[in-house]
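Engineer: Sequence:
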Amino acid sequence: MLHGFLSELKKARRRRDLLLIAGTALVILAWVAYSLRGMGVQDRAQGFSGLFYVMPTVNTIVLSVVTAVLASRIWDVENRGNTCKLLFTLQSRASLYGGKVLLGAAELLLLCVLELAGIFALSSWLQFTQPLDTRRLAWLFVCTFVVSMALFFLSLCISMAFAAQVATLAVGLGGALVGLFSAFFPPPLGYLTPWGYYIALSAMGYTWDEATRVTTYLPQPLPVGLLCVVAALAASLCALGGLLIKNREV
Numbered sequence: 000m001l002h003g004f005l006s007e008l009k010k011a012r013r014r015r016d017l018l019l020i021a022g023t024a025l026v027i028l029a030w031v032a033y034s035l036r037g038m039g040v041q042d043r044a045q046g047f048s049g050l051f052y053v054m055p056t057v058n059t060i061v062l063s064v065v066t067a068v069l070a071s072r073i074w075d076v077e078n079r080g081n082t083c084k085l086l087f088t089l090q091s092r093a094s095l096y097g098g099k100v101l102l103g104a105a106e107l108l109l110l111c112v113l114e115l116a117g118i119f120a121l122s123s124w125l126q127f128t129q130p131l132d133t134r135r136l137a138w139l140f141v142c143t144f145v146v147s148m149a150l151f152f153l154s155l156c157i158s159m160a161f162a163a164q165v166a167t168l169a170v171g172l173g174g175a176l177v178g179l180f181s182a183f184f185p186p187p188l189g190y191l192t193p194w195g196y197y198i199a200l201s202a203m204g205y206t207w208d209e210a211t212r213v214t215t216y217l218p219q220p221l222p223v224g225l226l227c228v229v230a231a232l233a234a235s236l237c238a239l240g241g242l243l244i245k246n247r248e249v
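Numbering-wise, numbering that gives the first Met the number 0 puts 132 at position 133 of the sequence shown, and it's gapless, one number per residue.
In case anyone wonders, no lab produced these hints; they're calculated from the structure. Just to be clear, a hint being listed does not mean it is correct.
Derived SDA-like pairs: lysine to any residue, alpha-carbon spacing no greater than 20 Å straight-line [to be verified]:
no.	residue 1	residue 2
1	K10	D75
2	K10	G97
3	K245	G97
4	K9	G46
5	K245	S94
Quick list of the computed label-pair ranges, beta carbon to beta carbon [as the list claims (entries may be wrong)]:
no.	residue 1	residue 2	range
6	A166	N246	31 to 39 Å
7	R36	G204	15 to 23 Å
8	N246	L115	33 to 41 Å
9	V112	Y205	21 to 29 Å
10	P218	A116	17 to 25 Å
11	Q219	Q126	19 to 27 Å
All of these numbers come straight from a predicted model, not from anything done at the bench. All C-beta atoms in this analysis are idealised placements derived from N, C-alpha and C, irrespective of residue type, glycine included.
With these hints in hand, go ahead and build the complete structure from the sequences.
Structural biologist: Below, the structure written as structure tokens:
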């Protein structure tokens, strides 16, 4: 598996995956900063709460597409070159798949770390006066990574099942819209859309006073059970991808 991962790293360097990861992090942080612009004294006093509420929504739109793009790029080189038969004679199918899984996990982990660093930069730039709740910061980091991995495995399965990578990208784009609208679904129905798990796992709610036009963010209990379900979904989709490549005919 290590050999497969090193091979995938060489391919990623030629594809300039790091530019995609860095660009995605910048887009997310710029979007969040734009959403929180013009904060007054009262808003800065609940700045981190506002950020914890906004960022899952932005992640739903951006990362639903980016995970599909990453999965498509990681697998597309085999499709375009029709090199699966050759690769399967040079390395085991498990090694090839394991290398792609490790590369996807490493790239998404890097993206989450960049988001985390960006949160500190935003808090300094926007002059948050609210103390940072490190527990909720860690929760946001873990949830973003786990949901992204689940969507990555889903997209990777689609990429392996269809020769045309447009299918993966179409599902990612459609998923971003479905995930965004799932925030308005009743909870049991919203849980049926994996792209909406970024929002479903958010541990921050809000109330809006129409008279004073003041938004107050309210911490919610951490949905640990749902996170476990998403982690199990990610593991199941990973296993499904391994089964697909094992039974792939060349």
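Engineer: Run every hint past the structure and note whether it holds.
Structural biologist: To see whether the hints hold, each was checked on the structure:
1. Proximity of K10 to D75 is assessed by CA-CA distance (about 11 Å); at most 20 Å being required, the pair is judged to hold.
2. Between K10 and G97 the alpha-carbon distance is near 15 Å, which keeps this suggested pair within the 20 Å criterion.
3. Proximity of K245 to G97 is assessed by CA-CA distance (about 12 Å); at most 20 Å being required, the pair is judged to hold.
4. A hinted pair counts as satisfied when its Cα atoms are at most 20 Å apart, and K9 with G46 does not qualify at roughly 41 Å.
5. At roughly 11 Å between alpha-carbon atoms, K245 and S94 fall within 20 Å of each other, so this suggested pair holds.
6. Between A166 and N246 the beta carbons are some 19 Å apart, a value that contradicts the proposed interval 31 to 39 Å.
7. Between R36 and G204, the C-beta spacing of about 22 Å keeps the proposed range 15 to 23 Å intact.
8. Roughly 38 Å separates the CB atoms of N246 and L115, a value that falls within the hinted 33 to 41 Å.
9. Roughly 27 Å separates the CB atoms of V112 and Y205, a value that falls within the hinted 21 to 29 Å.
10. One distance hint, 17 to 25 Å for the beta-carbon pair P218 and A116, holds here, with the actual separation near 23 Å.
11. The hinted range of 19 to 27 Å is satisfied by Q219 and Q126, whose Cβ atoms lie roughly 26 Å apart.
When held up to the earlier numbered hints, the structure conflicts with 4 and 6 and fits the remainder.
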